[in-house]
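Novice: Residue-level listing of the chains:
6 protein chains.
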Amino acid sequence: MRSDGRRFDETRAVTMTPNYIKHAEGSVLIEVGDTKVICTASIEEKVPPFMKGQGRGWINAEYSMLPRATQVRNQREATKGKIGGRTMEIQRLIGRALRSVVSLETLGERTITIDCDVIQADGGTRTTSITGSFVALCFAIQKLMRDQKLTKSPITDYLASVSVGIVKDETCLDLNYEEDSQAKVDMNVVMTGQGKFVEVQGTGEEAPFSREELNELLAVAEQGIQSMIAKQKEILGPLNAVVGTEANAHAAKR
Amino acid sequence: MRSDGRRFDETRAVTMTPNYIKHAEGSVLIEVGDTKVICTASIEEKVPPFMKGQGRGWINAEYSMLPRATQVRNQREATKGKIGGRTMEIQRLIGRALRSVVSLETLGERTITIDCDVIQADGGTRTTSITGSFVALCFAIQKLMRDQKLTKSPITDYLASVSVGIVKDETCLDLNYEEDSQAKVDMNVVMTGQGKFVEVQGTGEEAPFSREELNELLAVAEQGIQSMIAKQKEILGPLNAVVGTEANAHAAKR
Amino acid sequence: MRSDGRRFDETRAVTMTPNYIKHAEGSVLIEVGDTKVICTASIEEKVPPFMKGQGRGWINAEYSMLPRATQVRNQREATKGKIGGRTMEIQRLIGRALRSVVSLETLGERTITIDCDVIQADGGTRTTSITGSFVALCFAIQKLMRDQKLTKSPITDYLASVSVGIVKDETCLDLNYEEDSQAKVDMNVVMTGQGKFVEVQGTGEEAPFSREELNELLAVAEQGIQSMIAKQKEILGPLNAVVGTEANAHAAKR
Amino acid sequence: MRSDGRRFDETRAVTMTPNYIKHAEGSVLIEVGDTKVICTASIEEKVPPFMKGQGRGWINAEYSMLPRATQVRNQREATKGKIGGRTMEIQRLIGRALRSVVSLETLGERTITIDCDVIQADGGTRTTSITGSFVALCFAIQKLMRDQKLTKSPITDYLASVSVGIVKDETCLDLNYEEDSQAKVDMNVVMTGQGKFVEVQGTGEEAPFSREELNELLAVAEQGIQSMIAKQKEILGPLNAVVGTEANAHAAKR
Amino acid sequence: MRSDGRRFDETRAVTMTPNYIKHAEGSVLIEVGDTKVICTASIEEKVPPFMKGQGRGWINAEYSMLPRATQVRNQREATKGKIGGRTMEIQRLIGRALRSVVSLETLGERTITIDCDVIQADGGTRTTSITGSFVALCFAIQKLMRDQKLTKSPITDYLASVSVGIVKDETCLDLNYEEDSQAKVDMNVVMTGQGKFVEVQGTGEEAPFSREELNELLAVAEQGIQSMIAKQKEILGPLNAVVGTEANAHAAKR
Amino acid sequence: MRSDGRRFDETRAVTMTPNYIKHAEGSVLIEVGDTKVICTASIEEKVPPFMKGQGRGWINAEYSMLPRATQVRNQREATKGKIGGRTMEIQRLIGRALRSVVSLETLGERTITIDCDVIQADGGTRTTSITGSFVALCFAIQKLMRDQKLTKSPITDYLASVSVGIVKDETCLDLNYEEDSQAKVDMNVVMTGQGKFVEVQGTGEEAPFSREELNELLAVAEQGIQSMIAKQKEILGPLNAVVGTEANAHAAKR
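Chains as they are written, first to last, in this note's numbering: chain P, 303 to 556; chain E, 303 to 556; chain G, 303 to 556; chain Z, 303 to 556; chain R, 303 to 556; chain S, 303 to 556.
Just so you know, nobody snuck in bad clues.
For chains that are exact copies, the list does not tell them apart, and a pair is met inside one copy or across any two.
Quick list of in silico lysine-lysine cross-link-like pairs, BS3-like style, CA-CA up to 30 Å:
1. 454 <-> 533
2. 384 <-> 354
3. 454 <-> 486
4. 384 <-> 348
5. 498 <-> 486
6. 324 <-> 470
7. 382 <-> 354
8. 533 <-> 324
9. 533 <-> 498
10. 324 <-> 454
No wet-lab data here; the hints were simulated from the structure. As the structure is a prediction and not an experimental result, all values here were calculated from the model.
Please construct the entire structure, taking both the sequences and the accompanying hints into account.
Specialist: Below you can see the structure in the form of structure tokens.
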């Protein structure tokens, strides 16, 4: 049993509040335990200069934490005048993960910018951001379809993420902050609805890990991700409203 | 009647959700109409270098908007690498306003940093930030008293703020974004519970204004501020829990 | 009587040296007591990108102090690599104030950039900058008319500014540095030749102020501003050379 | 067969020129095919402020590419005024990887800064940097032991890294630039001499990958890493000169 | 004859207004033709961290131009967020030049910061800054002696600077802006009262120059510098008030 | 005799490794004693915006040192977020020097960017960079001629640079780091194959110098530069392959 009473292979409670920000084309407040992230998707009808004229779209992500999302107040990156390495790493990860399940050709020459703002942090902010971002992105795509700017969804599969780790010799799913700071091995996994890996990032800074340990971590992660995707499905409605076919696009418009 | 059905001297609906962020010493989610701001107060047991050894505390404020708090997405200031003039002006205003109702001597050598993060913007974000900040600050002070770090509250009076303006020749209270963008004269007023002015900032960039118009604006503002202070009192409890006397300090501890 | 022998409602000596910088389209060295500011107006025959094609002009202002304008040397903002909050606040104020008395439509698609460089500071640098900027701006407009680029002046009224404050319980006009650092209430007022307010910025960080005090401050400010405008008229010549009518434009060309 | 004639599970030619930079405490020029990186290790007899007084050392890494290391010239990060996300990600990775095989307690209160400067790039610059950094780090440690500042080596195991990927449906070891730009799946693996994982970073931005594919990639990576470690052993001499025991320390001093 | 009627070996009119800025320990407004520079010297009773405890002082210089000192307005370096190469080069030159005639040991552990702010530019701003800076520096030293903080002047010789160049095949002294932009060879020379070189910086970007041309340029420069030093002597009083001997120090105090 | 056994008028050993970086249009590794610099020339078929449409090309230079090129590690300028004054001064010098021997009209509307990266520093890095840059530039020009983009070389003369100085009362050629730090007078000279000066930069911060000393320094420098140019000729082949005439261009293509 874990300090918060969970089983080793159990995620924390997950809540998704859709359309949390009225101005955004897509938005969700996602809560995984005490970790709370506002994810928004903003559509612009243009692409970055280096992509112009290729008929393809682009998805990029930004990530930030409110200064007091954490136990000790963090200085704002705007005040420091630069974005830190951790933030850059996370926002590159989120963008890459989302692009893996979107057909940029089908999206067409437009950019969707994902913003993940962590309101309160208790471990797993990057994985929670990915899971929430996918929902915000789908809402934005649904809006493009309702507005008849897209006749087919560019989304090719569901996508979610969890953290796993080895804490006091136990393989644990969805680490909270306390567990995360004690973990010997720490891994973030991003996976599709079809059960394929999009990102596997495992770090054994404190203690290198064996192939067996890696396999066990991946097995637990897969199970956690599928439970996240189940939650996404509740919010997003039937599969064909999300994953793009022309038929689905018609359905989505109704 | 106004576009959202309000009387000219009527504020929008005001909601304050106390202790919204679990890590902060004081926090509130304040909503004034569709404007939503998370205000937190963070205590540090030290003062900036230039104030050391004077036995006095310091209060400063930071203000930011999530990129998609607005109708069109704004670039993050962290991405630009610098804080804009509007942000600086607002955070200086918030800090100055709060310090006007705090005895820095009574606070002692500690710093309280106020963070105002606008989650959703619909006009009046700076005045809403001030009204919310005062609540977060009081919660942080109450915690210092509960923790017996202070025996007397350094708060000397209530404090709130509203915007007023002249829109289509009408003096309006608490402008929403649409009204704000049409206003000929725009004024932010910060006032104490005793009805004294802390800040009066009126701008007639579109049309200079007369002494009579100024008087009318101030009268409407005063009424709006007293209704905000009434809401603060509901959240903060009886006056003596907020405004510092030694007796109050004892009361606060119970 | 005040420390420098002035009456409470008396400004310091005011001197304006026109055309102080030979390269600028308009320039003045303004001295108010020991506060000295070089104000220049620079014309560019284009507008910022976001204003293109609207047939309107733009006026913006920059403000800076030489490092040794002050009693203790200040680090240059160029060395710090960023512009401070106080500077931003002041330059936004100057730009806003000037735009309130200029018809941007009449100005046409050109930008006038005002530079206010404080050579020596002794209180009231922002109000002195506004009063001087108006003169530099008018000289630049006169040049545009002489060069037949404008047939009508876009200036709609005179504009000047003073500071007022409550120092040792006295309402004082045009505070010098020593008075400013002792003031309980500090107010900057910008007014037109017609006696209308353009900006009213009052701060009671040290002590909130009542409506009666506000009224008295405004009365003293109005009188000070009208004496500043009288000085401007001496430099700029008859009203119709400044305030735009087509007849004036002809007069200006002779 | 691959475009450069290699087998799928074959690395490019590896050369290590020890002590390439005379001023550095440890240095190597490592060449893996046409990828050339200068790695230096610099010792400072102090730790960052947040680590003072804990009796532990620190290792951190910086990474950069010469502007013309690449086919098209890259703007210098110093000219841009900020370090990009890719650079930050890589230098965090290098630092983390090295720390996993160093006992910071044994190192004592000193910092070793690793600099990896890519002179010429042809794929695999981050993995080559890790492999070379380990050598430079060991040379610096050997110097500390020769200088009798350490009596025991803090190095706990060998460490090297390779990239693997799926290119045209083939699992390839040690991708060059051309292969890297065609890869559907791209993975960087860092491993110890004992065959344990320190970092596993796999990305399927172009195409998600299955568990079977992951397993095959890891198998090929392991083989490549062991061949890199064999090269390191040639340069660094017998194991006991590198991996710390008190006996080794004596040996190293002779 | 030159475009402004001067002989080829003639400087423009030189004016020095001493004590131009009341707050500074030393200051001068120097005008060489239409080039006008405010030079101030600010004393701080400490040295930079890397010089602490050596019993020696430091002199450093900063240089800037007002945005409209030039024919076309220049963007402020504070706005750009960084100091340009030309500015850095000039301020390094000014500091180096002044330090060459100051005994840093005699100055003791204090820093004198020289600020050169170009109010109006018409060629030769860096050489004019050096000539003026020396005067401001001497005033600051005289103040230190009057305040009995120094009993002996650390100044070891006079110092001034001029520009010379080859314009339309003529060797010209003290180039104005128009001449400077046509010069094939451009040289700045800094020299002491004893006629020794402190800096010789000649550039033939447009046309390399021979040893004979160099000799002629240096001869003309020397003559110009000695006329500048004659002007400095008029302002600074008899030599022994400037150049330090203990006897002089006594004289300076009277 | 000098500490490294050289005569006072003798340079250190000079080695140039041509085409050191495979991606660059021109490159060389130049070693002068223990000073090692990688110089590359990168061609872009466009010019900076301010030069467009004039039919002329541009050459500019960047200079940097690896952090551990020096005895004590230097912080990267990318990490500091800005380029220091020394770097700016050097890169401006290199660009100016190279442009003095290139016909920008003959070059046509293209930019050649020179990168000088100091791998190891032991005095004379700026002069070594200039000497090496000229070689890299010539290789890039030869490539343009081989590719038939130029029919005539824009190079008008050879170009090289050395440092000279007065160390312990001796005039020394090509100072190493130890000598440089003891020099009373320090001078960098850039000269053409025809023996004309392009840059003369002499500094007597420690001790002003006389005309006689200047003459002696220049004589020694000239001799050193001609020996550098002799080395360049060995690498670059016969003069007519470098200095542009149409006949040479044909020769170069063979």
